[in-house]
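Colleague: When you get a sec, could you build the whole thing from the sequences and use the hints?
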Amino acid sequence: QKEVEQDPGPLSVPEGAIVSLNCTYSNSAFQYFMWYRQYSRKGPELLMYTYSSGNKEDGRFTAQVDKSSKYISLFIRDSQPSDSATYLCAFQGAQKLVFGQGTRLTINP
Amino acid sequence: NAGVTQTPKFQVLKTGQSMTLQCAQDMNHNSMYWYRQDPGMGLRLIYYSASEGTTDKGEVPNGYNVSRLNKREFSLRLESAAPSQTSVYFCASSEAPASGNTIYFGEGSWLTVV
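In order, the protein sequences belong to chains A and B.
The opening position of the first sequence corresponds to residue 1 in the working numbering, with each subsequent residue numbered one higher.
The opening position of the second sequence corresponds to residue 1001 in the working numbering, with each subsequent residue numbered one higher.
A short, non-exhaustive set of chain A residues, derived as facing chain B with CB atoms under 10 Å:
#, residue
1, V4
2, F33
3, Y36
4, G43
5, P44
6, E45
7, Q95
8, K96
9, F99
10, G102
Ranges between beta-carbon positions, derived for each pair:
#, chain 1, residue 1, chain 2, residue 2, range
11, A, R41, B, S1080, 20 to 30 Å
12, B, K1014, A, K56, 44 to 54 Å
13, A, A17, B, G1016, 48 to 58 Å
14, A, Y71, B, M1041, 18 to 28 Å
Simulated from the structure, these hints should not be mistaken for lab results.
We put the beta carbon where it would ideally sit given N, CA and C, even for glycine.
Modeller: In structure tokens:
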């Protein structure tokens, strides 16, 4: 079983839609949960960081963590064409930082 | 503020040739990393340096060597390039080892081995 599973997509939605991106993990030692955004031909950049179960909101973005189910999600409200990118989940714990495969998202005007 | 700078951005190599990817960070970070990114595989750690003077293997170290030249610089060397090493390579740095909320990435180096 892989430590981290992320649907690679691609995912294409119309502008204004609510987007849901998801990852599952198997390592109980993971304590910190992150989402990175990667634009085409650029390096990943940290988008959201959290360490507890529940929701964390930042503008149009909400990160959700369910430790009991080993499941994290990123929600994007009122999606914009500028949100088109690859989104990577990441997990930190036991002196490891592990990334998901990334989901390629396209927001169509 | 440059952050993490890696060179070259694009390179084409013939099988068997050698090359070095250079990386420098100006954030006074202790830890530095080299990742490769392939379609459907995500970011895979090649080598990392938790602090100046130390280096360790990551998930996919075969065919690569690294040098932590000083606190700022961390280079990745391919001694005898193979087509399987065609990939996008990212250098990164962070304040502490495996610190997901302080890690910063360079813009990537596209390497093709023919």
